[in-house]
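Novice: Sequence:
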Amino acid sequence: MKVLKQLLDFYINSSVHVALAVYALSWVTLKKFDINYDSSVLWFNFYATITGYNFVKYFGIAKWHHRSLASWLRVTQVFSLGCFILMCYYALQLAEESLVLIAIFGGVTFLYAIPFLPKKWYLDAQQNLRDISGLKVYIIALVWSGVTVILPLVNNEVGFSEDVIVSVLQVFIFVIALMLPFEIIDLRYDSLKLATIPQKIGVKRTKLLGLVLLLIFYLSEFFKDTIQTDYLITQLIVCLVLGIFILFANQNRTKYYTSFWLEALPVFWLVLMLI
Numbered sequence: 001m002k003v004l005k006q007l008l009d010f011y012i013n014s015s016v017h018v019a020l021a022v023y024a025l026s027w028v029t030l031k032k033f034d035i036n037y038d039s040s041v042l043w044f045n046f047y048a049t050i051t052g053y054n055f056v057k058y059f060g061i062a063k064w065h066h067r068s069l070a071s072w073l074r075v076t077q078v079f080s081l082g083c084f085i086l087m088c089y090y091a092l093q094l095a096e097e098s099l100v101l102i103a104i105f106g107g108v109t110f111l112y113a114i115p116f117l118p119k120k121w122y123l124d125a126q127q128n129l130r131d132i133s134g135l136k137v138y139i140i141a142l143v144w145s146g147v148t149v150i151l152p153l154v155n156n157e158v159g160f161s162e163d164v165i166v167s168v169l170q171v172f173i174f175v176i177a178l179m180l181p182f183e184i185i186d187l188r189y190d191s192l193k194l195a196t197i198p199q200k201i202g203v204k205r206t207k208l209l210g211l212v213l214l215l216i217f218y219l220s221e222f223f224k225d226t227i228q229t230d231y232l233i234t235q236l237i238v239c240l241v242l243g244i245f246i247l248f249a250n251q252n253r254t255k256y257y258t259s260f261w262l263e264a265l266p267v268f269w270l271v272l273m274l275i
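Residue numbering for the sequence shown follows the numbering used here, beginning at 1 and increasing consecutively.
Be a bit skeptical, because a hint or two may be false.
To be verified - With a straight-line Cα cutoff of 25 Å, these simulated DSS-like cross-link-like pairs (lysine-lysine) come out:
# : residue 1 : residue 2
1 : Lys255    : Lys5
2 : Lys224    : Lys31
3 : Lys5      : Lys57
4 : Lys255    : Lys207
5 : Lys224    : Lys32
6 : Lys2      : Lys255
7 : Lys255    : Lys200
8 : Lys255    : Lys224
9 : Lys57     : Lys204
Said to hold, decoys possible - Label-pair distances were calculated between CB atoms; the ranges are:
#  : residue 1 : residue 2 : range
10 : Val212    : Ala95     : 21 to 27 Å
11 : Asn250    : Leu99     : 38 to 44 Å
12 : Leu240    : Leu274    : 15 to 21 Å
13 : Leu111    : Leu232    : 36 to 42 Å
14 : Val212    : Gln251    : 32 to 38 Å
15 : Leu232    : Glu96     : 19 to 25 Å
16 : Thr226    : Ile104    : 40 to 46 Å
17 : Asn250    : Trp72     : 26 to 32 Å
18 : Ser71     : Gly107    : 28 to 34 Å
19 : Leu232    : Ala264    : 30 to 36 Å
20 : Asn252    : Tyr89     : 40 to 46 Å
21 : Tyr256    : Phe79     : 17 to 23 Å
22 : Leu215    : Ile139    : 29 to 35 Å
Simulated from the structure, these hints should not be mistaken for lab results.
Even glycine gets a Cβ: it sits at the ideal position worked out from N, Cα and C.
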């Protein structure tokens, strides 16, 4: 049992689970626009997510404690290096326009982890973009909507249209709603200077905000030129499930509530669309 828990923790902590969520959400985009399975962009997103997330999460630790790294972190570093190599392999198979987008979102990820602004611009001792007051959730939503919607469409030469714009906004809203339970549960750990949404407006209003976002996320589907009934049904189910996660989120939940079950929601969405 202990070994299984260690494997599960490595699966989560090494960002494989969140990478699977990005992979699934990218495939959802392809399905919505009736595009054939694009292994290059999907697997690029998978390995890029592992590389990017691990870079953001562990850069500071590796930088200051490289001589005394825990064994699990060393394994994660080697694993991330392998994923980086695979990411580069799949990147070479993408269109030039896609590589430009990757450079942009890669730059955002880099700035998210590396100190680059004067200390006076920050509210605490950290110098990372992620620690600027209230900015974290919006950066994550921006990058996710870019790599899971814009990148797959650009790589398949889909021109911008109202449906594309709505889809980008939908994923942006969906990811913000998805992040709210994380922020609620992390209230006991987060510095007050981070000014997260629950810290600003309270838990009850945060949950209400999440439900409003889900309503907007769902209703915006009707603004598309092409509306498919089966996709409306799957999206409604996803909204209901995420709504339940938001309503039942509290500071006493274990880390698996969000880092495993909640982050599996995009995979659940994809499964519904593939049935």
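Novice: Check each numbered hint against the structure and report the violated ones by number, ascending.
Specialist: 8, 9, 10, 14, 15, 16, 19 and 22
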